[in-house]
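The lines below spell out each chain.
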Amino acid sequence: MKSITRAKPVEAVLKGLEGYDRVFIAGCGTCATMCRTGGVDEVAAMSQALEEAGKLVTGTLVIPTACDTLTHECMEQNREAMEDAQVALVMSCAFGVQTVAGYVGRPVQPALDTLFFGLETKPGHFSEVCMQCGDCVLAETAGICPVTSCHKGLLNGPCGGTNNGMCEIDSSIDCAWTLIYNRLKEIGRLDLMRHTCKPKNFHAMAKPGKVDIAIEGG
Amino acid sequence: MEHAFREALQSGKFVVTSEIGPPKGTNIEPMLHHIDLLKDRIDGMNVTDNQSSVMRYPSVGGTLHIKERGGEPILQMTCRDRNRMALQADILFAYTRGVRTILCLTGDAVPVGDHKEAKGVFDLDSVTLLQTIRMMEAGKDLGGNDLDGNVDFCAGAIVTPEANPIEPQMIKFEKKVEAGAEFIQTQAIYDMDNFKRFMDDARKFDVKILAGIILLTSHRMAIYMNKNVPGVFVPQNLIDEMEAAPKGTKVAKGIEIAGRMVRQLNEEKICDGVHIMAIGKEEVVPDIIDAAGL
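Sequence lines, in order, name chains F and A. Going by numbering that gives the first Met the number 0, the first sequence opens with residue 0, and the numbers climb by one from there. Going by numbering that gives the first Met the number 0, the second sequence opens with residue 0, and the numbers climb by one from there.
With a straight-line cut-off of 25 Å between C-alpha atoms, the simulated PhoX-like cross-links for lysine-lysine are:
| id | chain 1 | residue 1 | chain 2 | residue 2 |
| --- | --- | --- | --- | --- |
| 1 | F | K197 | A | K118 |
| 2 | A | K249 | A | K280 |
| 3 | A | K12 | A | K66 |
| 4 | F | K7 | A | K115 |
| 5 | F | K199 | F | K209 |
| 6 | A | K268 | A | K207 |
| 7 | A | K280 | A | K66 |
| 8 | F | K7 | A | K118 |
| 9 | F | K199 | A | K139 |
| 10 | A | K12 | A | K207 |
| 11 | A | K115 | A | K226 |
| 12 | A | K38 | A | K66 |
| 13 | A | K280 | A | K246 |
| 14 | F | K184 | A | K203 |
| 15 | A | K252 | A | K226 |
| 16 | A | K268 | A | K252 |
| 17 | A | K280 | A | K226 |
| 18 | A | K195 | A | K207 |
| 19 | A | K118 | F | K199 |
| 20 | A | K268 | A | K12 |
| 21 | A | K118 | F | K206 |
| 22 | A | K23 | A | K115 |
| 23 | F | K197 | A | K139 |
Here are the in silico distance ranges between beta carbons for each label pair:
| id | chain 1 | residue 1 | chain 2 | residue 2 | range |
| --- | --- | --- | --- | --- | --- |
| 24 | A | M54 | F | D112 | 23 to 33 Å |
| 25 | A | I222 | F | E10 | 39 to 49 Å |
| 26 | F | D173 | A | R259 | 32 to 42 Å |
| 27 | F | A203 | A | E267 | 44 to 54 Å |
| 28 | F | E10 | A | G148 | 52 to 62 Å |
| 29 | A | D151 | F | D112 | 43 to 53 Å |
| 30 | A | T95 | F | P122 | 51 to 61 Å |
| 31 | F | G123 | A | E28 | 53 to 63 Å |
| 32 | A | A137 | F | L137 | 26 to 36 Å |
| 33 | F | D112 | A | R259 | 48 to 58 Å |
| 34 | A | I222 | F | D169 | 16 to 26 Å |
| 35 | A | N144 | F | V39 | 56 to 66 Å |
| 36 | A | D39 | F | P207 | 56 to 66 Å |
Hint data in this document are derived by calculation from the structure and do not stem from the laboratory. For glycine and all other residues, C-beta sits at the position ideal for the given N, C-alpha and C.
If we strip away everything but chain A, and leave its shape as in the complex, we get:
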C-alpha cells in the first residue's frame, strides 16, 4: 500500500503508533529487535529525531530499517538541527526510499540535551515545515523553484493538551491543521477529564487525534515528570496506584494503567487512536496493546 498509515487513519479504526528510539552509536541491533517486535502489531512506528536534543542515529536512517523489515515508518523531523535546505533535501530522500508519513516538530531546545553548546537552527518551525511539505507536493521548493519529481506525504504534528496556558497552544494547533496536518499526536495525557475537555475543542477540526501514552514505571517517574516535563500532568490517584504496587511489579502496574487508558479511549471513542511511548521499554508495547484488548 502506497499510503498505509493514511489509509489506517481514514479507515475509522482505532489507530496505534509507537516509538522507535535510534541508538547512541552504531549498535542498531536493539532498534531492529524493537522494529521486528512491533511491525505487525501497530499501524506506524515513529522514529525520533535526536530526541530531547540528544545526538543519535538519524531518524531517517531508522525509517529505512523499518521499511526494509516490512513495517510502516513515521519520520519525525524537528527544525532544531537543519535549516530549510537540509530539511527539504531529507524530505526528498525519504520520499524516494518509500517513507510516506512525516511528523513535524519544532524540536526541543538545545540546552536540554547533550550538546549544550550547539547552534539551535529553528530556521523553520512546525507550522512552516508542514507548509513546506505541502508546497513540495505542489512541485515547488521553498525558494519557489520547480522540483523534478514531487513528494506525497501524510503529514502530522503534535500538541500539548495539558499546556498552561492552553489558549496559545490551541491557536498553534489550528495553524498546524490549516497548514495541512492530517493527524496530531499529543504529549502524554493521564487525566481523562482534562483530555476530554481538550477533545471537545479538537473535534471542531478536520484532523485525527492520537492520544500520547507514556508508560509509567514508578511513582517517582510520575512525580519527576510533573515537576520537570512541561505539559505533563499525572494525577495523584495514578501516582498512589504506582506507589502501592509491590516492588518488582511496578512495570506490570504501569502496563495495566496504560492498557486501561487505551481501552477507555478506544471504547468511549474519545479520540482516533493512541501513540504509545515506552521510553527505554519498547519491548512491553505489545503487552500494553494486549492489556487494552486491541
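For reference, chain F alone in the conformation it holds in the complex:
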C-alpha cells in the first residue's frame, strides 16, 4: 500500500510561492519516488524550474521516507540550507508535508496532491484499493471493496449506470458490482448479494482518527 500522489501544475506551485524568493525543496524516497512525483529526478527538475522562474533554491533533499520520525534527523543535517529559505516546498504526500511542517519552522508549500492509498498494478498505473472507512464489508463482497471501487460507494448492488460491465462515469473503469457479482457467482455465494446491507456507519472511526492500542510494557 502506497500513498499515491499527483504533481500540482507548475503554475500552481509558482502561485503558491508568490512572495518568496528563497526556497528549500524536500522530496520523498518512498511513495513519491515510486509515483515519479517526488524522487531525485523530479526534485532536480523542480529545482531547475524554480531557478528559471527567478527563485533561489537554497538546497534540496530527498528524505528517505518523509512521513517517518527519522525525517527530523535528516532535516537537521540540512539545517543551514533550510534556514536560509523562506519556505519549504515539499514534494511528498500530505503525510510528508505535515511531518516536515512540524520541524521546519517556516511555511510549507505542498507540490503534490495526495490522491489515495493504492497499489501500482503495472508500471505507472495506480489503483485505489481501500478508503480506510473503518467498517469493512469485504466479507460480503467477495473481497472487492464497493466503498472504494464503486463511484457512488453503493453497498446494495449496482446502480442503473452500469454499462456493459463498466461504470457510466468512465468507460475505462469497471463497474464494481459487476466484478463483485461475477466473483460471488464463481465462489457460489450469490446469497451474500441478496442480503441488504444497512446504511453505513460513517463514524465507525471518529474524525479525526485516533487509536490508542494497549501495548504490553508500553
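Use these hints to put chain A onto chain F, whose structure you have.
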C-alpha cells in the same frame, strides 16, 4: 382519495404516469402548464429530482404545485444530494403536505451533471431509502427514535431491464421489492421481446411494473441513446422508421411509435402500466395516450 395512486395501481387498470421536469430557475409557468395539461389525463405525475445531476427547482416543490392544482404527485427522491437526516426531514414535510407516493432512486453520478465538483452524498441507496420509508411508517426514524406522527406512503423504485449484465440488476430488483417497493418504473424500453423476457422474471414478484417509454424525436436521438445512455437499447427497425419519416413529421412519428408500444403493452397485458417520458416535449404526452387508445 388518501392514496389515489396506490388505488389506481391496485384497481387492475392500466396505469399511466408521466414526468414533470422542474425549471432551472424560478420561472415555473411552463411546469404549471404541463401539470394542468396532464393532471386529468394520467394517474400520477413524477417530479424529477435534480435529474441527470443538473441543479433545478426541487422535486418536493413540484409535487406541492401538483397537489395545489388537483393532480396526483409522485415525489422522486434520489440519494445523491441529501444525507439520511435531510431525506427523512423531506419525507416528513412531503407527507404533511399531502404527498402520498415516493419513487426511490439512487441518483445519477455527480460528474454527469452541471455541478461536477459537488460532493455526491449516497449516504443511503435506493434499497435503504425504501426501508427508511417503511421504518418511518412504523413510527421510528433511522436513528431508532420515536416519531411524533407517522408517515404513510406508496413507495416505488426503478429497474433497468436492458442492463448488461442483467443478473445483478435483478438481484437488486428483488431487494427493492423485499424492502417494500409496491411499484417499479423501468428505464426506457423499446425491444418488446427483450421486455417480455424481463417480465417473465418480474412477474414472479408481488410488485406492479410500469414500462418506461421515452418519446423518440429523431433517429439521431435513438443512436445517441444507444451509444451514451446505459441500459437503453433502441432496435434498428425503430431507428430506420424514425429516419424514414419526412422532415417535420419526426415528432409525429415518435408519438405514433410510443402510442403503438403503449397500446401493445396494454392490450397484451404485458405489464401493469407505463411511465411516459417526453423529455422537453411534455405537451405531447396526451397525444401519445390518445395514440395508444387509452
